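Asks: Here's the letter readout for the chains.
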Amino acid sequence: MNFDELFGNFPALTLTGLEQGAIYALIALGYTLVYGVLRLINFAHSEVFMVGTFTALWTWQALGYNQNSAAPALGPLILAVVAGLVVAMAASAVTAVTVELVAYRPLRRRNAPPLAFLITAIGASFVLAESFGIGTRRAPFGMPDLIPSKTVFTVFGASVTNIQLLILGVTLIMMIGLDQFVNRSRLGRGIRAVAQDADTAALMGVNKNRVILLVFVLGGLMAGVGALLWDLRFGYTKFNVGFLIGLKAFSAAVLGGIGNLRGALLGGLLLGVVENYAAGLFGGEWKDFTGFVLLIVLLMFRPTGLLGESLGRARA
Amino acid sequence: MRQKLARVLGGVAIGALVFSGAACKADSGSEAGGSKAACDLKIGFFGPLTGDAAGLGIHMRNGTKLAIDQYNKDNADCKVVLSEYDSQGDPAKAPALAQQAVGDSKVVGIIGPAFSGESEVADPIFDEAGLPIITPSATRPSLSTKNWKIFHRGVGNDTSQGPAAGRYIKNVLKADKVYVVDDQSAYGAGLVDEVKKVIGSVAGEDKIQVKQTNFSAVVTKIQSSGANVLFFGGYYTEAGLLLKQLKGAGWKGTMVAGDGVNDANFIKVAGEQVAEGTILTCPCAPATAAKGTFVTDYKAAFDNAEPGTYADVSFDITKIFLEGIKAGKSSRADLLSFVNSYSGTGGATGVTYKFESNGELDPAQVLVWAFKVNAGKVVPDIEIPKS
Chain A
1 MNFDELFGNF
11 PALTLTGLEQ
21 GAIYALIALG
31 YTLVYGVLRL
41 INFAHSEVFM
51 VGTFTALWTW
61 QALGYNQNSA
71 APALGPLILA
81 VVAGLVVAMA
91 ASAVTAVTVE
101 LVAYRPLRRR
111 NAPPLAFLIT
121 AIGASFVLAE
131 SFGIGTRRAP
141 FGMPDLIPSK
151 TVFTVFGASV
161 TNIQLLILGV
171 TLIMMIGLDQ
181 FVNRSRLGRG
191 IRAVAQDADT
201 AALMGVNKNR
211 VILLVFVLGG
221 LMAGVGALLW
231 DLRFGYTKFN
241 VGFLIGLKAF
251 SAAVLGGIGN
261 LRGALLGGLL
271 LGVVENYAAG
281 LFGGEWKDFT
291 GFVLLIVLLM
301 FRPTGLLGES
311 LGRARA
Chain B
1 MRQKLARVLG
11 GVAIGALVFS
21 GAACKADSGS
31 EAGGSKAACD
41 LKIGFFGPLT
51 GDAAGLGIHM
61 RNGTKLAIDQ
71 YNKDNADCKV
81 VLSEYDSQGD
91 PAKAPALAQQ
101 AVGDSKVVGI
111 IGPAFSGESE
121 VADPIFDEAG
131 LPIITPSATR
141 PSLSTKNWKI
151 FHRGVGNDTS
161 QGPAAGRYIK
171 NVLKADKVYV
181 VDDQSAYGAG
191 LVDEVKKVIG
201 SVAGEDKIQV
211 KQTNFSAVVT
221 KIQSSGANVL
231 FFGGYYTEAG
241 LLLKQLKGAG
251 WKGTMVAGDG
261 VNDANFIKVA
271 GEQVAEGTIL
281 TCPCAPATAA
291 KGTFVTDYKA
301 AFDNAEPGTY
311 ADVSFDITKI
321 FLEGIKAGKS
331 SRADLLSFVN
341 SYSGTGGATG
351 VTYKFESNGE
361 LDPAQVLVWA
371 FKVNAGKVVP
381 DIEIPKS
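Taken in sequence, the protein lines are chains A and B. Under my numbering, the residue at position 124 of the first sequence is numbered 124, and the numbers go up by one with no gaps. Under my numbering, the residue at position 207 of the second sequence is numbered 207, and the numbers go up by one with no gaps.
Derived from the structure by calculation, the hints contain no laboratory data. All values reported here derive from a predicted model rather than from experimental measurement. Please note that the accuracy of each hint is not assured.
Claimed, not checked - Covered stretches of chain B (in silico footprint by chain A; criterion: 3 or more residues with CB under 8 Å from a CB of chain A, positions within the stretch not fixed):
# : region
1 : 48-55
2 : 85-98
What the hints assert, rightly or not - Here are the computed lysine to any residue pairs in the SDA-like style, where the Cα-Cα straight-line distance is at most 20 Å:
# : chain 1 : residue 1 : chain 2 : residue 2
3 : B       : Lys299    : B       : Ala264
4 : B       : Lys252    : A       : Val152
5 : A       : Lys150    : B       : Ala264
From the three backbone atoms N, C-alpha and C, an ideal C-beta is built for every residue, glycine too.
Bound-form chain B, shown alone (with noise of 0.2 Å):
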């Protein structure tokens, strides 16, 4: 009943987002593309700001305020305003926000989206309208086989991600006994399919549901399996409670999850002692130990928080955006070709951003790195070697 009348009001809102984004497109036409740098044009961050898994969306969101920030700072005269759009990591909520960004002409850019589900509902909507994205965590391989034009990954795929979890599991825990859960998302399907790859035979296989609450049918079956180890792809809210409820019944094996687990939250949900000992990976090195002043400065720009994962990532393809701008580059499609183009290395990570023609970045740039939750903080473990 709900559903319902919540898709009969998505119905009309999207019905009037299409017409307004139509009514705007027709006005963006007339401006040219200058060769000073425009001012007050828009970078837009895409991603979940509240939510189950809000905690990564606002470590990036944070990302790319500072490297704003610190541009309007030197370029007072001529600014760069970041838009937020909150997609809740929702797929269903994507396509509405993409068209609202699509609509104001003063974007330029995207930052995102975050995750692949939403991707995939995006991105054809910035395609089609030729809005440059960059994306610092959507993870899912299959996006840049899609031939979008806009699409650029600044980070390694599950192509990266799955086989070196499934190294990580054979080589390091020397597991013989592997249980796999997904949550039927685009991304967490996804990165099981990688890991199965690697690992060969797994004890057993099980999905569950985004927002699924009771476990103990899993839980049930994962200590009937006599699994020692659990692969677990999908995002931290889920991955919490279904270590809870496993540990609770009195599993002792170790937890090891991807990017979309690799957040403090995760130990909120799970706490402190559940959560010990659980390895999580992320195509990116670890956030705390960026490069340059990053760490300080995001330190002090938010409350002494410690950056989380993708943070620093979202810091770098902000400022590729930004020395777009600022070579003067104020349309999307002169953007879109500066991005094409780009060749450079980030500030805090130390990458260098050069992106192959259909928007992933160069393999030779890739890394996995695995962190360990440890006292209650995730801590960088080991770079995972590449075989």
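Bound conformation, chain A alone (with noise of 0.2 Å):
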């Protein structure tokens, strides 16, 4: 153990840890919502981040940026940056819908076992995710480096860089926008009341089927937030790009307690920080062991998870 590496950058080690705690959170929120309205982990929802990343790419090559491109001027990055986000939202958000017409809803008009909805969400995450790898070859793509990392200030001697504020600040702004639209807004309402009672909330007059669409599109809306926020910062991107990060954000969910979007926040940013310091603590090698532990120990002790399942209970 070397207790040197970790305590030396403790503060490095922080930061980058919430930076990707941050995109973690953005992607938990997916699962988490559609959770919470379906009690289904929706697997697929790697994937939806994993378009969003390609197609945030495809819209700087079409804007004449590749990995070798001088970082832009100011106005022009703008452009890019917004035109990055709003496609890769889009494009999240239709891959998240198309998934639940094409997979989900049927099977809920047939009243399919649980199981059933599994097995199409694993399903689902493979064509999705094999469907890119065979039209780019596998190979992995670079991104440009539209926005190059900056120490705009330190604390405690490690420098946070432009591009953490950018990811911490967009995560916090996306977070309390998603929490106040769920819980004061009339389609949150919506989601509340299907999340505690679906069949009451058909009685009180509720679209089941349009709530379950909006969840899928905010979930997908999120993760291509997460996507450009990756591409930014990790500028990189590949078919199975989804799949890890997947995994970690689905854990972040439960980690904070699924269904609970603040418990997203929390899990991802959580999960994060403690990977970098037992990556400090231990080394590289031990990064995914520490991270999975720590769920699986918290689990047996808060079985829902560090805030509980509370998408249904929020207050009404």
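Need the complex rebuilt from these two chains, each delivered in its own frame; the hints are there to steer you.
Replies: Take a look at the structure:
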């Protein structure tokens, strides 16, 4: 064990952990929302994220940027980032909705058992990942370095970069926005009603299918934002980029309490930070190990996660 | 969950292949090795043609294909067929593919497996079937110590590449603080061990995982260690990402890596500015400066692409098999003894191919080159002196 490494770099490891955790959290929202309403683990959500990373890249390529381009000036930069964001969010949302309409809704109509949903989710994930794998010859793609990382200020000797601020800021804004939307808006009330009791909600005049569609759209939009931030920060995508990050995001959702929006944020940040500490303390090869040990141990003591399952139980 | 499913499906597939392999083996026994060149024999290429490391595999496949196409042009009445086994560089996919190759009785020789990890699981299968292989690129030293009768290596191994990379770091870069990172693969970990033997004490070391994408923890460690050189043992995708994130965090040092990174795709992942100045070694001479008409033939055959790492080696070692087939060695056993006793100079590399009893290339023939990324291209730098 290397305590020097951990404590010497504690602020830096915390920062980069938070930044990774924020992206986990954005993707975790998709799992949590769908689970909260449908009691379904949407394994295809990792591919919703993957589609977002690719479509943002294609948008930039269409705008004339590739992995070798120099960083653009402020005007074109904002245009490129906003265009990438809009396209990634739209593409991710469309993918999520397509999966719902093509794969899950027909099953619901036939009252299929939960196992059928589960295997359909895994199948949809495979189909999406493999079709991109075949289409892109399974090659890795580098991104244009649109926002070269620059130190804005330092805390405790760790430099905080512009991109880290962007990631954390955007994630917080999206989280607060989503939280307010679900808790305050009329559509949000519909989501909570269906999550609490779908049949009663239907009797009260809530259109269940429309609410479910909305949940997939919201999850897709958040994954699209996560995909754009991922592209900007890690500068890379590949057909199976969603697999590990999807698994981590799912774990983050469970860690925080699946079905709980704030739990997804907390779980994501916690997982990101703990993984980084583990990499510092034990070495990089122990990163995933420690993340999942944390999950297992925590679930032993709090089976419903840190904040519990609460999408349905949130105040009316 | 997904892995479990994949495992079940994989198990079924392997089972099916074992059975079909056994069935094929039974009828291949009746074929006698004639003295005239047999027709429609197959040479297999085993390596990644898709996936993270496909860039490396495709150049080798192209070298092999070029040799076979040229042979077929001269021997139009009795052709040799190229069979491709796309391993994606993944040791988990290799055994089933190896069984498939073994099960096809027309396959008399294999070029590959391209990587060390897949070699460790595929070579025992080839050994059992007596199917001769010559690898153009699997450089883990221990591959030649497993008593596989069929094993031949057409290049030097990491006991020449690793120390040479270490000497380059010490004598040319004159680095005092070297950080080493490997990807825990059979190739990457082995190469880093050899490098460490030469440079002595390191500023720090860490391990990453193949397919890892977020390197922030290791980036932090490298930066705080104050290292000015990073040696990376692994393949180009992780190398490109690691370097990109490292330079993004403001690191100013130089990355040195082995033949697994020596590919144009490294620059594609990292981007030209980031990759600039990176040193890549290879226990081979520059393919772009190969002898004879190889470079022009290669460009003409493959859309004007420059031959990449090991394309020339693959071309030459494929010709060894082709010479054997031409001389009437049409069974696996005959071709194996032909390769074992072979001695001849490759047209593209100029290397005299002669294998020792453990399958290693004659040590006198091994050379190690350093390459440098310059303006978005991998260009030859120097041949690293032997001591």
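Asks: Hints first: check each against the structure and report whether it holds.
Replies: Hint check results:
1. 48-55: holds (count 5)
2. 85-98: violated (count 1)
3. B:Lys299 to B:Ala264: holds (15 Å)
4. B:Lys252 to A:Val152: holds (19 Å)
5. A:Lys150 to B:Ala264: Answer violated: A:Lys150 to B:Ala264 is near 28 Å, above 20 Å.
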